[in-house]
Amino acid sequence: MVIKIDEKFASVVDAVAKEIVTTEHFGSASLIKVPLMYPSGATAVVQITHAQDRFFVTDMGMGHREADMIGASTLYNNSARPLAEHFGVRFDNQAFFVAEASRDQLASAVTIIANCSTEAASMSAMKAAERRFEEDSDILYRRLVKVFSDAEIERDIEFVGSSTHKWPVSSIVKRGSKIALFEPVNKYHASVINAAVKFNDISRLENPPQRIAVVKQKDELGNYLNLLRQAADVVEYKVSDETIIKLAKVA
Amino acid sequence: MPVDFRELVEAPKTLPIRPAWVATDSTWFDLNASLDLASGETVQGLELRGGACQSLPDRAVRFILQYYPAKGQCVGLVRIEWRPLAPHTNPANCAPHLSMQRIVGSHIHGFEMNWLAGQDRLRTNNLPVAEALSVDPSSFQELLVVVGKELRITGLEKIEPPPWREADFFGV
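Chains as they are written, first to last, in the working numbering: chain A, 1 to 251; chain B, 1 to 172.
Hints may be right or wrong, so weigh each one.
Covered, in the sense of this in silico footprint (three residues per stretch, anywhere, with C-beta under 8 Å from a C-beta of chain A), are these stretches of chain B [said to hold, decoys possible]:
#	segment
1	17–28
2	85–98
3	136–147
Honestly, the hints are just simulated from the structure, not real lab data.
From the three backbone atoms N, C-alpha and C, an ideal C-beta is built for every residue, glycine too.
Build the full structure now, drawing on both the sequences and the hints.
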């Protein structure tokens, strides 16, 4: 049976394919724009130059510049090095490159360089977002030292849950044998889910510590609040010192 | 007290000193400029960043108004890309006339189009929504006029064009 091809539709699809991969030439160098996006929405560009039958392929540091725009160039480098190693390409703290690709390797070299560049930029953007948690963690600590003594507070420690998984916890208050865990939680999905899973696991311990989620504004959370309070008390930063002491149950 | 990004964007601003292009590696120029408000205050963390490719005259120039405090995240507020090397693609979840638009030429990542009013914050991922510039500047000087208008900065004519060189064997 012969399947009739819808020529009109096929031509639309062909046109789209040509639209999303384009080239531009500058005498000694050519650029290929590939359908991979940086987090900002910019399309990845790979430059090719050649000497006889060997080709030099680079992202020109475009991924690095994407990360630099959000103040994440160090994070970019940290992500880029293992990616370069994994794919067997080079990274010079600025650009990904393949120094001497053959014609047979050229398509793969372009693909790998473009993917490394966009992947490292995405990873650095995600890590930059995680920094927000660290800032929240600082705010929480400053709030706790108004209530408890410095010696009673430990920061950034690991706490083993019922599953035996070690959870990173922002702040722990210890007074004698009593322990309370404090965790900053923001309104975003990843933050809430991370805290909820952590608190649920820790709450299943035989003698679980007090668990307190600290948020900026409860009304920002919507029904995430219901999820959070399944295994933790939830308070805003602005509650009184007495409330924090009472919830910690370390008095 | 949280920073009012809209206020920073909308406030008239000037350049207290003439910024210069600096070659930050073998491919790119960068420019970093402090900004003054009408009160004469040089605002902490507020800056104009520029970027250009060393060997591509009148191509791939970018200007960004950004807030980058000593402690905290760098937040892009408005960005203009002049004749960029690569197209930009908008996400699907933005205004209908911008949704999934692919913009090949000069464009602006504006503040309002990236502001999520219901959540009182900018979209994540550095101003992912853009629209084509209504008039594509035909020269670097014209670009400065557009940047000055969109970013509300006067005196940008102080900025010299990047000291471009022609592309060489090693590419752009």
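How the hints compare with the structure:
Look at the segment 17–28 of chain B against chain A: 3 of its residues bring a Cβ nearer than 8 Å to a Cβ of that chain, three or more, so the hint holds. Only residues whose beta carbon comes within less than 8 Å of a beta carbon in chain A count, and the segment 85–98 of chain B has 7; three or more means the coverage holds. A stretch counts as covered by a chain when three or more of its residues have a beta carbon under 8 Å from one of that chain; for the segment 136–147 of chain B and chain A the count is 0, and the coverage is violated.
Hint compliance for this structure: hint 3 is the single one not met.
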